[in-house]
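> Okay, here's what each chain looks like letter by letter:
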Amino acid sequence: MTAWEPVIGLEMHVELDTRTKMFCACEVTKGDAPNTHTCPRCLAHPGALPVVNQRAVEYAARIALALNCSVRPRNIFHRKNYFYPDLPKAYQISQYDEPLAVEGWFEYWVGDEKLRCRINRVHMEEDAAKLIHAGGDAGRIAGSDYSMVDFNRGGTPLIEIVSEPDIPSPEAARELLQQLRNLVIELGVSECNMEEGQIRWDANVSVRPKGSTELGTRTELKNMNSFRYLQQALDAEIPRQVEVLEAGGTIDLETLHFDPDTGTTTPLRSKEEAHDYRYFPEPDLVPLVIDPAWVEELRRAQPELPAARVERFTAQYGLSRADALVLGSAHALAAFYEEVVALGAGAKPAANWTMGEYLAHLNAAGLEAGHGHVTAERLAKLVKLVEDGTVSTSSGKDVFAKMIAERAEPEDIVDKYGLGQISDTSELAAIVAAIVAANPAQVEQYRGGKQQVIGFFVGQVMKASGGRANPQLVNELLRKALGT
Amino acid sequence: MIGEDDVRYVAKLARLRLEQDEVARMTGELAKILAHIDKMSELDMAGVPPTAHVLDVVNVTRPDKPQPSLSRSDALRNAPAVDDACFRVPRMS
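Quick mapping for you: the protein sequence lines, in order, are chains B and F.
So the first sequence is numbered by the working numbering: it starts at 1 and just counts up by one.
So the second sequence is numbered by the working numbering: it starts at 485 and just counts up by one.
Don't read these hints as lab results, they were simulated from the structure.
It cannot be assumed that every hint is accurate.
No farther apart than 27 Å at their CA atoms in a straight line, the calculated lysine-lysine pairs in the BS3-like style are these [what the hints assert, rightly or not]:
hint, chain 1, residue 1, chain 2, residue 2
1, B, 30, F, 549
2, B, 89, F, 523
3, F, 549, B, 222
4, B, 89, F, 496
5, F, 496, B, 80
6, B, 416, B, 384
7, B, 130, F, 516
Derived coverage of chain B by chain F (criterion: at least 3 residues anywhere in the stretch with Cβ under 8 Å from a Cβ of chain F; other residues may be distant) [said to hold, decoys possible]:
hint, segment
8, 8-20
9, 29-38
10, 50-62
11, 148-162
12, 276-283
13, 287-297
FRET-style restraints, in silico, Cβ to Cβ [stated by the list, open to error]:
hint, chain 1, residue 1, chain 2, residue 2, range
14, F, 574, B, 406, 17 to 23 Å
15, B, 171, F, 506, 55 to 61 Å
16, B, 261, F, 569, 30 to 36 Å
17, F, 558, B, 406, 52 to 58 Å
18, F, 489, B, 248, 31 to 37 Å
19, F, 487, B, 261, 31 to 37 Å
Keep in mind that this is a model prediction, so the values were computed, not measured.
A virtual CB, placed ideally from N, CA and C, is assigned to each residue, including glycine.
Let the hints inform the model, and build the full structure from the sequences given.
What follows is the structure, encoded as structure tokens:
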């Protein structure tokens with residue numbers, strides 16, 4: 001029985017958040033009425049000439065630098081020729097054998113393991129228009145009667161990032177994409193909004209006998225924009241290839257469609273000769289000569305990248321690597337956490353509250369970090385109230401929930417509901433005495449040497465106090481009352 | 485050497501419909517053009533960088549500043565078919 005291993009490569013597309021399109025001055029917008037941002041250039045009227053958006057080159061170069069690529073001193077644009085209604089010129093202006101940047105790498109984490117994926121190239125191109133399929137099943141090509149074209153998106157600056165086939169598993173592919181998305185967001189060059197399709201990717205996958213260095217024939221999964229579907233599609237495609245090969249068959253180089261409903265991959269009808277794009281240099285654009293001094297300037301101005309921030313979180317805040325990855329990987333959550341700490345909360349408790357209650361709240365409410373109903377100021381106050389013993393940890397969770405419900409300051413919640421921790425010895429001693437008196441059987445067990453029964457008593461006292469008792473004091477009082 | 489199959493293939497990629505006599509004529513004409521290019525290949529070009537553009541100009545860019553776009557009615561004016569706010573095209577096969 002041969003053991004097989006998958007080999008995965010990714011081709012990622014990112015729409016840049018420039019103000020204007022790649023080759024014309026129409027505004028890049030989201031959600032505006034169809035065909036309100038077009039001009040003779042992005043509608044491909046005869047004679048209209050493209051001019052490169054300087055900001056798009058800068059953003060692309062910054063992505064390339066963050067991926068450790070060499071920005072090439074000279075690059076040119078090519079025409080990629082094919083017919084489709086979302087492409088009015090019948091060619092896409094793209095880059096071919098003289099792209100912006102080549103030969104980089106990206107390091108990413110899969111659990112505790114740091115992996116490196118080589119980056120083949122980063123190049124610039126323009127996005128296609130949006131097609132809306134009318135009639136038939138909503139939004140599907142199959143069965144539609146005709147299509148409508150909205151050219152607002154047509155010509156939006158698009159970056160293509162091509163990886164080498166270095167990715168060892170579907171899970172690693174998903175992690176790489178998520179972490180690369182965080183990197184691009186960090187750079188501030190794209191929000192990478194998934195619903196808007198601002199980031200999307202193709203995956204190519206092949207399998208080979210474990211330990212082999214040769215690549216098998218690959219298949220391509222096109223135009224995906226969900227991390228979950230990517231992993232599901234690869235989880236379906238890899239065993240399919242293994243099955244074909246073990247039965248003595250061969251894999252065809254083809255493009256596949258993943259159907260999330262059935263969980264299977266099926267070949268897309270192949271567009272005849274679709275892969276003969278007849279690239280040639282774009283005669284309407286002159287070469288770009290990139291000044292190395294400008295590249296150095298961009299490199300110096302790069303923000304702290306997620307990988308470096310994760311390292312810093314372990315060193316500066318004493319966090320475990322796992323915690324640092326959760327808190328430091330994405331810009332918004334990292335900024336929130338650092339604000340809580342800067343406002344005086346201890347680094348460790350602030351980490352626990354941010355990863356625990358705060359993240360749970362974001363997930364439950366479907367909100368992005370920083371947009372939850374608890375501000376960094378209020379969380380910092382709450383953490384400090386717990387740290388100085390004003391409220392117990394369990395009451396703190398109650399306070400947190402009420403802060404969300406009432407959009408109020410933690411100290412006001414504590415006052416309003418009387419959630420302050422009981423550290424008054426006489427008040428607690430009365431509760432302890434009552435609990436001990438009410439549970440003679442457990443008292444006997446404890447005195448008979450069953451020390452762990454103390455947990456039962458602590459629980460009962462905490463319950464009786466509404467979670468407000470100071471646990472340390474409860475322990476002391478219990479041991480005294482139980483006579484040890 | 486270019487043959488009639490090459491001409492038919494290229495015509496198909498370019499969405500051109502050629503009659504048989506046109507295929508024959510095009511094959512002859514394209515063969516002459518390619519022969520001319522082959523003639524140039526006889527020159528020693530070692531050390532001459534490929535030219536992507538005839539102009540001795542580089543780095544023509546523009547600032548990222550929006551300019552007014554066309555109105556939608558102007559944008560759709562020349563469309564053979566319109567559906568509400570969009571260009572309407574035949575269904576994709």
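> For every hint, state whether the structure bears it out.
Status of each hint after checking the structure:
For a cut-off of 27 Å, the pair hint linking residue 30(B) to residue 549(F) stands: about 17 Å separates their Cα positions. Restraint check: the Cα-Cα separation between residue 89(B) and residue 523(F) comes to about 33 Å, which exceeds 27 Å; the hinted pair is violated. Taken as a hint, the residue 549(F) and residue 222(B) pair is broken in the structure, with Cα atoms around 33 Å apart against an allowance of 27 Å. As the CA atoms of residue 89(B) and residue 496(F) are separated by approximately 17 Å, the hinted pair is consistent with the 27 Å bound.
Restraint check: the Cα-Cα separation between residue 496(F) and residue 80(B) comes to about 16 Å, which is no more than 27 Å; the hinted pair holds. The hinted pair formed by residue 416(B) and residue 384(B) meets the criterion: a straight-line CA distance of about 18 Å does not exceed 27 Å. A C-alpha spacing of about 42 Å is found between residue 130(B) and residue 516(F), which places the hinted pair above 27 Å, so the restraint is violated. Requiring three or more residues with a Cβ within less than 8 Å of a Cβ of chain F, the coverage given for the segment 8-20 of chain B holds, as 3 such residues are present.
Coverage of the segment 29-38 of chain B by chain F holds in this model, with 6 residues showing a Cβ closer than 8 Å to a Cβ of that chain against a need of three. Closer than 8 Å: that is the beta-carbon criterion, and the segment 50-62 of chain B has 7 residues meeting it against chain F, so the requirement of 3 holds. Residues of the segment 148-162 of chain B with a Cβ under 8 Å from some Cβ of chain F number 4, which satisfies the need for three, so the listed coverage holds. As drawn, the segment 276-283 of chain B meets chain F at 4 residues by the rule of a beta-carbon pair under 8 Å; at three or more, the given contact holds.
With 3 residues having a Cβ less than 8 Å from any Cβ of chain F, the segment 287-297 of chain B passes the three-residue criterion, so the hint holds. In this structure, residue 574(F) and residue 406(B) break the distance hint of 17 to 23 Å, their C-beta atoms being roughly 58 Å apart. At about 56 Å, the CB distance of residue 171(B) to residue 506(F) agrees with the hint of 55 to 61 Å. A hinted range of 30 to 36 Å holds for the C-beta pair residue 261(B) and residue 569(F), which are about 31 Å apart.
For residue 558(F) and residue 406(B), the hinted distance range of 52 to 58 Å is satisfied, since their beta carbons lie about 53 Å from each other. At about 34 Å, the CB distance of residue 489(F) to residue 248(B) agrees with the hint of 31 to 37 Å. For the hinted restraint 31 to 37 Å between residue 487(F) and residue 261(B), the CB-CB distance of approximately 47 Å leaves it violated.
When held up to the earlier numbered hints, the structure conflicts with 2, 3, 7, 14, 19 and fits the remainder.
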